[in-house]
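Visitor: Protein chains in written order, with this note's numbering: chain A, 1 to 357; chain B, 1 to 357.
These are calculated hints, taken from the structure and not from any lab test.
Please note that a few of the clues may not be correct.
Same chains, same label: a pair holds when it works inside one copy or across any pair of copies.
Unchecked claim - Listed next, the in silico BS3-like pairs over lysine-lysine satisfying Cα-Cα at most 27 Å (straight line):
hint	residue 1	residue 2
1	K37	K185
2	K130	K355
3	K296	K343
4	K256	K342
5	K177	K138
6	K256	K349
7	K177	K48
8	K349	K284
9	K185	K349
10	K159	K349
11	K296	K355
12	K130	K62
13	K256	K37
14	K349	K296
15	K310	K355
16	K310	K349
17	K37	K225
18	K102	K170
19	K284	K62
20	K48	K276
21	K296	K310
22	K342	K170
23	K276	K296
24	K355	K62
25	K276	K185
Number of protein chains: 2
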Amino acid sequence: MNNNYVVIMAGGVGSRFWPYSKQALPKQFHDVLGYGKTMFQDTVQRFKNIAPLQNIFVVTNKNYYQLVKKNIPELSDEQILLEPIGKNTAPCIAYACYKIAKVNPAANVVVTPSDAAIMQPSVYEGQILKAIQFASDKDVLVTLGINPTRPDTGYGYIKFDIRDKSPIKKVLKFTEKPTLEVAQKFIQSGDYVWNAGIFVWNVSAFIEAFELHMPALHHSFNDAKEYYFTPNEHTYITNIFNHCESISIDYALMEKAENVYVIPSDFGWSDVGTWKSVYELSAKDAQGNAVSGNVKTYNTTNCIIKTSNKTLTVVNGIDNCIIVEADGVLMICNANDEQYIKKIVDDIKNIENGKYI
Amino acid sequence: MNNNYVVIMAGGVGSRFWPYSKQALPKQFHDVLGYGKTMFQDTVQRFKNIAPLQNIFVVTNKNYYQLVKKNIPELSDEQILLEPIGKNTAPCIAYACYKIAKVNPAANVVVTPSDAAIMQPSVYEGQILKAIQFASDKDVLVTLGINPTRPDTGYGYIKFDIRDKSPIKKVLKFTEKPTLEVAQKFIQSGDYVWNAGIFVWNVSAFIEAFELHMPALHHSFNDAKEYYFTPNEHTYITNIFNHCESISIDYALMEKAENVYVIPSDFGWSDVGTWKSVYELSAKDAQGNAVSGNVKTYNTTNCIIKTSNKTLTVVNGIDNCIIVEADGVLMICNANDEQYIKKIVDDIKNIENGKYI
Numbered sequence: 001m002n003n004n005y006v007v008i009m010a011g012g013v014g015s016r017f018w019p020y021s022k023q024a025l026p027k028q029f030h031d032v033l034g035y036g037k038t039m040f041q042d043t044v045q046r047f048k049n050i051a052p053l054q055n056i057f058v059v060t061n062k063n064y065y066q067l068v069k070k071n072i073p074e075l076s077d078e079q080i081l082l083e084p085i086g087k088n089t090a091p092c093i094a095y096a097c098y099k100i101a102k103v104n105p106a107a108n109v110v111v112t113p114s115d116a117a118i119m120q121p122s123v124y125e126g127q128i129l130k131a132i133q134f135a136s137d138k139d140v141l142v143t144l145g146i147n148p149t150r151p152d153t154g155y156g157y158i159k160f161d162i163r164d165k166s167p168i169k170k171v172l173k174f175t176e177k178p179t180l181e182v183a184q185k186f187i188q189s190g191d192y193v194w195n196a197g198i199f200v201w202n203v204s205a206f207i208e209a210f211e212l213h214m215p216a217l218h219h220s221f222n223d224a225k226e227y228y229f230t231p232n233e234h235t236y237i238t239n240i241f242n243h244c245e246s247i248s249i250d251y252a253l254m255e256k257a258e259n260v261y262v263i264p265s266d267f268g269w270s271d272v273g274t275w276k277s278v279y280e281l282s283a284k285d286a287q288g289n290a291v292s293g294n295v296k297t298y299n300t301t302n303c304i305i306k307t308s309n310k311t312l313t314v315v316n317g318i319d320n321c322i323i324v325e326a327d328g329v330l331m332i333c334n335a336n337d338e339q340y341i342k343k344i345v346d347d348i349k350n351i352e353n354g355k356y357i
Numbered sequence: 001m002n003n004n005y006v007v008i009m010a011g012g013v014g015s016r017f018w019p020y021s022k023q024a025l026p027k028q029f030h031d032v033l034g035y036g037k038t039m040f041q042d043t044v045q046r047f048k049n050i051a052p053l054q055n056i057f058v059v060t061n062k063n064y065y066q067l068v069k070k071n072i073p074e075l076s077d078e079q080i081l082l083e084p085i086g087k088n089t090a091p092c093i094a095y096a097c098y099k100i101a102k103v104n105p106a107a108n109v110v111v112t113p114s115d116a117a118i119m120q121p122s123v124y125e126g127q128i129l130k131a132i133q134f135a136s137d138k139d140v141l142v143t144l145g146i147n148p149t150r151p152d153t154g155y156g157y158i159k160f161d162i163r164d165k166s167p168i169k170k171v172l173k174f175t176e177k178p179t180l181e182v183a184q185k186f187i188q189s190g191d192y193v194w195n196a197g198i199f200v201w202n203v204s205a206f207i208e209a210f211e212l213h214m215p216a217l218h219h220s221f222n223d224a225k226e227y228y229f230t231p232n233e234h235t236y237i238t239n240i241f242n243h244c245e246s247i248s249i250d251y252a253l254m255e256k257a258e259n260v261y262v263i264p265s266d267f268g269w270s271d272v273g274t275w276k277s278v279y280e281l282s283a284k285d286a287q288g289n290a291v292s293g294n295v296k297t298y299n300t301t302n303c304i305i306k307t308s309n310k311t312l313t314v315v316n317g318i319d320n321c322i323i324v325e326a327d328g329v330l331m332i333c334n335a336n337d338e339q340y341i342k343k344i345v346d347d348i349k350n351i352e353n354g355k356y357i
């Protein structure tokens, strides 16, 4: 177990849950689903039987250092990797894996986002352990794919070899977010899974593949080896981040590598990317309202209402709305119009120097 | 002009505009329609060509003394009559009229609520002056009735003698709030007007009628004569109010007196009794929203939105709603369900000892 490491990506700044989540306190540091813990805490706890806490590394934006410490005080500063600037997932993951390789060249690494929900954590745990075993035995890159339940155009898809009868299947192709028509074909074909951004590999296999497909970035993070776990680490890393390209791990590595495998999985995964998904995963009252805060509802149905306890919120005769109040911002949105929230946030950004974002 | 006096009733505690107006700051002390002045200030200013300011008397709840002073600092304490307890309009009006009679037995008094809107104040002024002239000449009780525009069941109605061709007509009957069926008949008949609670009389005619129809209360306020404008006034008045019955001036006097006249009028009157009426009287944007506060609307129509400037309110994809935020309470109400607000306020009263009311 001591060869098992986890890299949790916690630097994201989502705007879809504005104003409930804002830049200063993004989604992963909220208890979005009312579990009594933040999504980040839930992510850390998911690995309690997989890796010791000292083997968990968090990569996050430098502004979220205090939030990470507050969420999991046991994490040492060595375990909190601070991105000076967001450059998508490839530099973020590479930084963590090269740093881990310095301390343990035989490390098996699980890479995961910190803002997804997993409703069956024990099933997840079993799949992760299976992936670690496979990756460690074979020097391959493994990903956990989610068996799709609908033709969602919000995810990337992974095509696997349908003739492969083993539970861990050879990946044929990574694809970007498809159109609805294409997504429907993917679902029908039966050989596609959703890309959940969960990866498992041995650091040596990762570095070998990264050197081949991203030679410049490989050299940067490899040359930084002598600075990892030293006082100069952040200065050196800042220099790399300031000059490297912004690129996803899918595009930088997974789409190009030949030795990629996927485990099609069902463990109640949701990226909790929309208010609709929050609504679906939340406990609801008899009228179908998912309510948290100091709220009284009358003749109100199918609403998601999340307010601070400072305000008494009274809702009368309303159906199918998203009502969110936090930190001096109130949003009332028809649930059918949630796709416009991103545009609204862009608009609000221009008010008073982004005061409300 | 110095014989003209005004009695403004400003003690009401409405719950219909909760949470915008609350017990601590009721409707008459709000700028409900966005005029740049409170409804009480608007009421006082309406009489600027009718009576000198020192002839304006305000009867209000003792808790609103500071509000009255803040609204019209020029009013002396002598002009602010404090009800120790609300006992409906008859004791309130009698108190003011008996007090005015002490200082000027020839006074002509206009009695008016302080929370109605009058869109054509110069027409109103003309009608009031006409009523004063008539009341002063004839020793009668005059009321200004509103020509009805719909079979509203929220008002009392006044039946006048349709054969009377003069503009000031003999009243045949005061009626309470009717059923819809009855109200429709009233409208069709052409000899009914709405009772707006606006009365004009000479104090001597008032006292004569009051003595006849409310002898006990007459004696109380008449016996108090020696205390008016003395330091003992409030103590004496408190005793009367604590022991007198709660009764409206309509029921106590107007329905019983024989010498009552009405001027059917059109001066853009509204009692502004519902959010619907606030909406109708307010300025609206191109999407039909009446908005005040720090508000951004997107794809939103026919809403009334009133918020404090402390909160940024974003409304997306909403139609026909009342959205009100004030002092730690937010209410979101389907405009078709506004009749339930009173019930909701009753329900909310039981939370935390009426903290939110």
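Visitor: Each hint: holds or not?
Guide: To see whether the hints hold, each was checked on the structure:
Within a single copy, K37 and K185 get their C-alpha atoms no closer than 38 Å, and across copies no closer than 64 Å, so neither meets the 27 Å cut-off. When the C-alpha separation of K130 and K355 is checked against a cutoff of 27 Å, the pair qualifies neither within a copy, at 47 Å, nor between copies, at 57 Å. Only between protomers do K296 and K343 lie at most 27 Å apart by alpha-carbon distance; the minimum there is 13 Å, versus 30 Å within a single protomer. In this assembly of identical chains, K256 and K342 lie within 27 Å of each other by CA distance neither inside one copy nor across copies; the values are 32 Å within and 66 Å between.
In this assembly of identical chains, the alpha carbons of K177 and K138 never lie at most 27 Å apart, being 30 Å within a copy and 87 Å across copies at closest. In this assembly of identical chains, the alpha carbons of K256 and K349 never lie at most 27 Å apart, being 37 Å within a copy and 65 Å across copies at closest. Taking the shortest Cα distances, K177 and K48 never come within 27 Å of each other, neither inside one copy (32 Å) nor across copies (70 Å). Taking CA atoms no more than 27 Å apart as the test, K349 paired with K284 passes between copies only; the shortest distance there is 26 Å, against 32 Å inside one copy.
When the C-alpha separation of K185 and K349 is checked against a cutoff of 27 Å, the pair qualifies neither within a copy, at 38 Å, nor between copies, at 57 Å. Proximity of K159 to K349 under the C-alpha cut-off of 27 Å is found in neither arrangement, the shortest distances being 39 Å within a copy and 60 Å between copies. In this assembly of identical chains, the alpha carbons of K296 and K355 lie at most 27 Å apart only when taken from different copies (15 Å versus 29 Å within one copy). With identical chains, the CA atoms of K130 and K62 are never at most 27 Å apart, being 33 Å at best within one copy and 77 Å at best between copies.
In this assembly of identical chains, the alpha carbons of K256 and K37 never lie at most 27 Å apart, being 37 Å within a copy and 70 Å across copies at closest. For the identical chains of this complex, K349 and K296 are inter-copy neighbours only, at 12 Å across copies versus 31 Å inside a copy, given an alpha-carbon limit of 27 Å. Taking the closest pair of Cα atoms, K310 and K355 come within 27 Å of each other both inside a single copy (20 Å) and across two copies (13 Å). With identical chains, the CA atoms of K310 and K349 are at most 27 Å apart both within one copy (25 Å) and between copies (17 Å).
For the identical chains of this complex, K37 and K225 are neighbours neither inside a copy (35 Å) nor across copies (71 Å), given an alpha-carbon limit of 27 Å. Within a single copy, K102 and K170 get their C-alpha atoms no closer than 29 Å, and across copies no closer than 103 Å, so neither meets the 27 Å cut-off. Taking identical chains as interchangeable, the C-alpha atoms of K284 and K62 are never at most 27 Å apart, the minima being 36 Å within one chain and 46 Å between chains. When the C-alpha separation of K48 and K276 is checked against a cutoff of 27 Å, the pair qualifies neither within a copy, at 30 Å, nor between copies, at 58 Å.
With identical chains, the CA atoms of K296 and K310 are at most 27 Å apart both within one copy (14 Å) and between copies (22 Å). Taking the closest pair of Cα atoms, K342 and K170 never come within 27 Å of each other, the shortest separation being 37 Å inside a single copy and 65 Å across copies. With identical chains, the CA atoms of K276 and K296 are at most 27 Å apart both within one copy (21 Å) and between copies (23 Å). Proximity of K355 to K62 under the C-alpha cut-off of 27 Å is restricted to the intra-copy arrangement: shortest distance 20 Å within a copy versus 42 Å between copies.
Proximity of K276 and K185 under a CA criterion of 27 Å is satisfied intra-copy only: 24 Å inside one chain copy versus 51 Å between copies.
Hint violations for this structure: numbers 1, 2, 4, 5, 6, 7, 9, 10, 12, 13, 17, 18, 19, 20 and 22, all remaining hints satisfied.
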